[in-house]
Each structure stands twice: as structure tokens, then as C-alpha cells.
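In terms of the numbering used here, the sequence shown is residues 4 to 236.
Hints listed in this document are in silico derivations from the structure and should not be mistaken for laboratory results.
Backbone N, C-alpha and C fix where the C-beta goes; we use that ideal spot for every residue, glycine too.
Careful: at least some of the hints might be erroneous.
Now the in silico label distances, taken between C-beta atoms and shown as ranges [what the hints assert, rightly or not]: (1) Arg90 to Arg174: 52 to 58 Å; (2) Trp216 to Lys126: 15 to 21 Å; (3) Leu54 to Gly169: 53 to 59 Å.
When the alpha-carbon atoms are kept at most 27 Å apart in a straight line, the in silico DSS-like pairs for lysine-lysine are as follows [said to hold, decoys possible]: (4) Lys132 to Lys122; (5) Lys185 to Lys125; (6) Lys49 to Lys126; (7) Lys138 to Lys81; (8) Lys49 to Lys24; (9) Lys24 to Lys126; (10) Lys24 to Lys132; (11) Lys170 to Lys138; (12) Lys170 to Lys185; (13) Lys49 to Lys132; (14) Lys138 to Lys125.
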Amino acid sequence: METTLYLPIKRFLEGAGYSVKGEIGGCDLLALSDDEPPMVVICELKLAFNLELVLQAVDRANAGDEVWIAARVSAKGKGRESDRRFRDLCRRLGFGMLAVADSGTVDVIVAASAAMPRKNLKKRARLIKEHHRRKGDPTLGGSTRAPIMTAYRQQALACAAALQLGKLRPRDLRDAAPDAAKILQGNVYGWFERVERGVYALTDLGAEALRRWPQAPVSGVSATEAITPCGEN
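With the hints as constraints, model all of the structure from the sequences given.
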């Protein structure tokens, strides 16, 4: 699976001074420098170098400063990484190539040095925002079969964990989830229900989500305060 490539590439880029997280905005891996504004590095992962991997990189190119493709080295040394035409294609597109050995060693086959396409600044800004807002690095790059732990989902789980204590108002949850009001009112996952004006409770779906993604106990939230009638949303 592509996820087996994620940690070697993550360590490689962290060694170069980047902060790395997986599965952000459709990118298998997103790395940011400490600069302001940060340098945005995108890497797409596949078990072997192929045209689909290049096409994925093309789709991401307008949001990053550097785009890399990474794959496992062919066991017999006859993969696309040995094909001069494939390497030349990546050079012309400005994409870097990273090869991952079975030992986890990462080698640069082609450097990402050519000029990139015109930037999509809105898409770039969304990637940077999600990287900053996501707590930790909860999803391995290359994941395809499990829900991605986005910053929104993390905040929704924080709300759900707090609501285990009892009914609460959005303002009671601001410390745990700054976007609590929007999350409770939008109820994207069906985890919450409004039981009275400005007061919310946890649904069975929310309890099931907490069993799937257990959360640390929420401190500083009082359920007794929440049942006081209040019109605030």
C-alpha cells in the first residue's frame, strides 16, 4: 500500500526542515517550511512510478512551490525510475522523483527545480490553513479506505466528547472547538441534535463515532451550566 511509503518520505522531508502531514486537500503528503509565507511542498505516492502518478502531480502542481512523486524502487531495477524518457518528462514538468528502497532509504532521482505552473492561490491557501489547523498528523499519506481525519472532523469529535457529559451550548465548547457553533448547527455527520434553543446533545451516531475514534476527557466544560436556558447559538 502507498501508506508504507509515507513514513520514509515524511522523515526525509522533516530532515530537510519541513513540517509534514498526510492527506491534506487531496495531497498524499503536504510539507511546509517555517518561512512566512511558507514554502509548500506536495508529494504524491504510488507503489510504482507510472503515468497515473504523474497525472496526480499535474493536478496538484498549481498549489505548491515544489511537487514530488515518490514510489518504491523496482525489485529488478527495471521500473520507470530507470527509464530516461520518464525522468525527462518529470524534469520538463518540474516534478522531483524520490525512490524508496525496502530498507526505507530515500534517494533523489530527479530534483524539483524547473519553473512550476501559475499558482492557484486560493487552493494553496486552503492547503496551508488545513495543515496549520489539523492537530498532529493523524492520517498516513496514501490512505484510501478510511475517512480522513481533517481538522473539521477533529473539532467535531471534540464537541462529541464534551457532549458525553450532557447537554451543552456552543459557547461552552469554544475552548475545545473554536468552530463549535458552526459544527453543531451544520451537523454534517449526524452526531448532534438540538434539544432546545441553543442547546445540543449527542446522538447515537455521535456515540458510535467516539467508540471508533476515542477522545481524551474534556476538561473545563460543565454540563450543569449547559442546561440553563440560553438563547445563544
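Hint check results:
1. The hinted window of 52 to 58 Å between Arg90 and Arg174 holds, with their beta carbons roughly 57 Å apart.
2. As the Cβ distance of Trp216 to Lys126 is approximately 28 Å, the hint placing it in 15 to 21 Å is violated.
3. Checked against the hint of 53 to 59 Å, the pair Leu54 and Gly169 passes, with Cβ atoms roughly 55 Å apart.
4. A hinted pair counts as satisfied when its Cα atoms are at most 27 Å apart, and Lys132 with Lys122 qualifies at roughly 16 Å.
5. Between Lys185 and Lys125 the alpha-carbon distance is near 22 Å, which keeps this suggested pair within the 27 Å criterion.
6. A distance of roughly 23 Å separates the Cα atoms of Lys49 and Lys126; the hinted pair therefore holds under the 27 Å criterion.
7. For the proposed pair Lys138 and Lys81, the alpha carbon gap of about 40 Å is over 27 Å, so the pair is violated.
8. Proximity of Lys49 to Lys24 is assessed by CA-CA distance (about 17 Å); at most 27 Å being required, the pair is judged to hold.
9. Straight-line distance between C-alpha atoms of Lys24 and Lys126 comes to about 17 Å, which keeps the hinted pair within the 27 Å bound.
10. About 12 Å separates the Cα atoms of Lys24 and Lys132, which keeps this hinted pair within 27 Å; it holds.
11. Between Lys170 and Lys138, the direct Cα distance comes to roughly 25 Å. Compliance with the 27 Å bound is thereby established for this hinted pair.
12. Annotation: proposed proximity of Lys170 to Lys185 holds, straight-line Cα distance about 17 Å (limit 27 Å).
13. Distance hint between Lys49 and Lys132 is fulfilled; the C-alpha atoms sit about 26 Å from each other, no more than 27 Å.
14. Taking the CA atoms of Lys138 and Lys125, the gap is near 22 Å; set against the 27 Å cutoff, the hint holds.
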